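Using the sequences plus the hints, can you model the full thing?
One-letter residues, chain by chain:
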Amino acid sequence: GENVEQHPSTLSVQEGDSAVIKCTYSDSASNYFPWYKQELGKGPQLIIDIRSNVGEKKDQRIAVTLNKTAKHFSLHITETQPEDSAVYFCAASMTSGPSNTGKLIFGQGTTLQVKP
Amino acid sequence: NAGVTQTPKFQVLKTGQSMTLQCAQDMNHNSMYWYRQDPGMGLRLIYYSASEGTTDKGEVPNGYNVSRLNKREFSLRLESAAPSQTSVYFCASSGKLPVNTGELFFGEGSRLTVL
Chain G
1 GENVEQHPST LSVQEGDSAV IKCTYSDSAS NYFPWYKQEL GKGPQLIIDI
51 RSNVGEKKDQ RIAVTLNKTA KHFSLHITET QPEDSAVYFC AASMTSGPSN
101 TGKLIFGQGT TLQVKP
Chain P
1 NAGVTQTPKF QVLKTGQSMT LQCAQDMNHN SMYWYRQDPG MGLRLIYYSA
51 SEGTTDKGEV PNGYNVSRLN KREFSLRLES AAPSQTSVYF CASSGKLPVN
101 TGELFFGEGS RLTVL
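So the sequence lines, in the order shown, correspond to chains G and P. Following this note's numbering, the numbering of the first sequence begins with 1 at its first residue and continues without gaps. Following this note's numbering, the numbering of the second sequence begins with 1 at its first residue and continues without gaps.
Hints were generated in silico from the structure; no laboratory data involved. Please read these numbers as outputs of a predicted model, since none were measured by experiment. Watch out, some of these pointers could steer you wrong.
To be verified - Here are the computed lysine-lysine pairs in the DSS-like style, where the Cα-Cα straight-line distance is at most 30 Å:
no., chain 1, residue 1, chain 2, residue 2
1, P, 71, G, 71
2, G, 22, G, 42
3, P, 9, G, 37
4, P, 9, G, 68
5, G, 71, G, 37
6, G, 42, P, 57
7, G, 57, P, 14
8, G, 58, G, 71
9, G, 37, P, 57
10, P, 9, G, 71
11, G, 115, G, 42
12, G, 42, P, 14
13, P, 57, G, 22
14, P, 57, P, 9
15, G, 37, P, 71
16, G, 57, G, 71
17, G, 115, G, 68
18, G, 37, G, 58
19, G, 57, G, 42
20, P, 57, P, 14
21, G, 57, G, 22
22, G, 115, G, 22
Okay, here's the thing in structure tokens:
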């Protein structure tokens, strides 16, 4: 089955700096790669996702890149702000074909701290 | 529109006791999931239900059972709780017709402590 590895486990940056979180996956059939943000005491929420037919996607200060050959994808946050402090999870799944169940396999999570 | 609602939010059990975590969604989603979250382990899939009437094991199903009661509700049962099941449990749903975007919508979690 799918296995997702996420690094680093913790990341501390100064406000205004950039933050990068990296993930690798094992199943070449995976075609959907979302990123979730979890604030303290809450459930995770989707912040951005990318599908295997594109290499990069951007939404204001966040962007995700995907390298299908190397089976890795990354989250980039620019101009970080204190409200970006949270736990971030990457995930992978296959969202088409006979095995489509929609189930996501998550990475281990990254705790991002943005210092004012 | 409440989204995904989990009950209870907190529970303390003794080893060997049983309990059921309840989950309901009001988004007309087809698929529902139970995850557990442990420090350093991320979110691990326990069981999922791709559609009403079906359930399948995830990554860590041992010690748990599930019931997809109807399209809205998906419960998780611990028959004989063990300290290793101390965790935060999240229910999620996805798959609004006609297109399943893949996005999961999570509840706020249920914190379970087994003594």
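To see whether the hints hold, each was checked on the structure:
| no. | hint | result |
| --- | --- | --- |
| 1 | P:71 / G:71 | violated, 35 Å |
| 2 | G:22 / G:42 | holds, 23 Å |
| 3 | P:9 / G:37 | holds, 20 Å |
| 4 | P:9 / G:68 | violated, 39 Å |
| 5 | G:71 / G:37 | holds, 22 Å |
| 6 | G:42 / P:57 | holds, 25 Å |
| 7 | G:57 / P:14 | violated, 48 Å |
| 8 | G:58 / G:71 | holds, 19 Å |
| 9 | G:37 / P:57 | holds, 25 Å |
| 10 | P:9 / G:71 | violated, 37 Å |
| 11 | G:115 / G:42 | holds, 21 Å |
| 12 | G:42 / P:14 | holds, 26 Å |
| 13 | P:57 / G:22 | holds, 28 Å |
| 14 | P:57 / P:9 | holds, 24 Å |
| 15 | G:37 / P:71 | holds, 27 Å |
| 16 | G:57 / G:71 | holds, 16 Å |
| 17 | G:115 / G:68 | violated, 33 Å |
| 18 | G:37 / G:58 | holds, 16 Å |
| 19 | G:57 / G:42 | holds, 26 Å |
| 20 | P:57 / P:14 | holds, 25 Å |
| 21 | G:57 / G:22 | holds, 15 Å |
| 22 | G:115 / G:22 | holds, 21 Å |
The structure fails to meet hints 1, 4, 7, 10 and 17 from the earlier list, while all remaining hints are met.
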